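Novice: So the chains spell out like this:
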Amino acid sequence: NAGVMQNPRHLVRRRGQEARLRCSPMKGHSHVYWYRQLPEEGLKFMVYLQKENIIDESGMPKERFSAEFPKEGPSILRIQQVVRGDSAAYFCASSTFTDTQYFGPGTRLTVL
Amino acid sequence: AQTVTQSQPEMSVQEAETVTLSCTYDTSESNYYLFWYKQPPSRQMILVIRQEAYKQQNATENRFSVNFQKAAKSFSLKISDSQLGDTAMYFCAFRYGSEKLVFGKGMKLTVNP
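Protein chains in written order, with our numbering: chain G, 36 to 147; chain L, 479 to 591.
By construction, these hints were calculated from the structure, which means they are not laboratory data.
Hints may be right or wrong, so weigh each one.
[Claimed, not checked] Label-pair ranges, simulated between beta-carbon atoms:
no. : chain 1 : residue 1 : chain 2 : residue 2 : range
1   : G       : Arg-57    : L       : Thr-481   : 27 to 33 Å
2   : L       : Asn-590   : G       : Ile-89    : 42 to 48 Å
3   : G       : His-45    : L       : Glu-507   : 24 to 30 Å
4   : G       : Gln-115   : L       : Pro-519   : 30 to 36 Å
Note that the coordinates shown come from a computational prediction; the quantities given were computed from them, not determined experimentally.
Beta carbons: idealized from backbone N, C-alpha and C, even for Gly.
Required output: the full structure, derived from the provided sequences and hints.
Specialist: This is how it looks when you write it as structure tokens:
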């Protein structure tokens, strides 16, 4: 049973470009969560999605960031017009309704 | 809003010794979940142990055990027989229902040979 998969593992973008981060949840998990970890800090919640629905996006910056979890395919976290402050590790986690959240290996985004 | 506090930023311990990591939290909910996650240098977030608030019995997983004091809102992690592979950042986290995890700032544990 494969774990949570994220790709790419490392992503380098120049300021102003777009970043797309993908997350495939564990088999049988319909809840996906995105977290961001800035250097030397803990993880901060960004968004919680179920298939085709955004349940809680209270941690998402109001501009440039969006997320989706389509009926088919992985969840996508999209960052438009990236800035240096977006450089961070982005983690995806998945779970069943109230079960433990299991994390993917993360995507490390570097903005030049 | 729920908050999680880890007041010790860093600790070190000798191999084979026992160490306790502290965590306190604040919530008005009565049924919730508490977790300890480990983040080694690989940066992968690994679940160490989980505690359901409605269970009075403290959770244990091999060398890892917790001391859950619901009234005091305290959730400490005890690592027995520390191993070099336990060197990592440790994060305490709170969750209510299917909602997001709220993390503490983490504690860096170093196990010395």
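Novice: So, for every hint listed, does it hold in this structure?
Specialist: Status of each hint after checking the structure:
no.: 1; hint: Arg-57(G) / Thr-481(L): 27 to 33 Å; result: 31 Å, holds
no.: 2; hint: Asn-590(L) / Ile-89(G): 42 to 48 Å; result: 46 Å, holds
no.: 3; hint: His-45(G) / Glu-507(L): 24 to 30 Å; result: 38 Å, violated
no.: 4; hint: Gln-115(G) / Pro-519(L): 30 to 36 Å; result: 32 Å, holds
Consistency note: the structure conflicts with earlier hint 3 alone.
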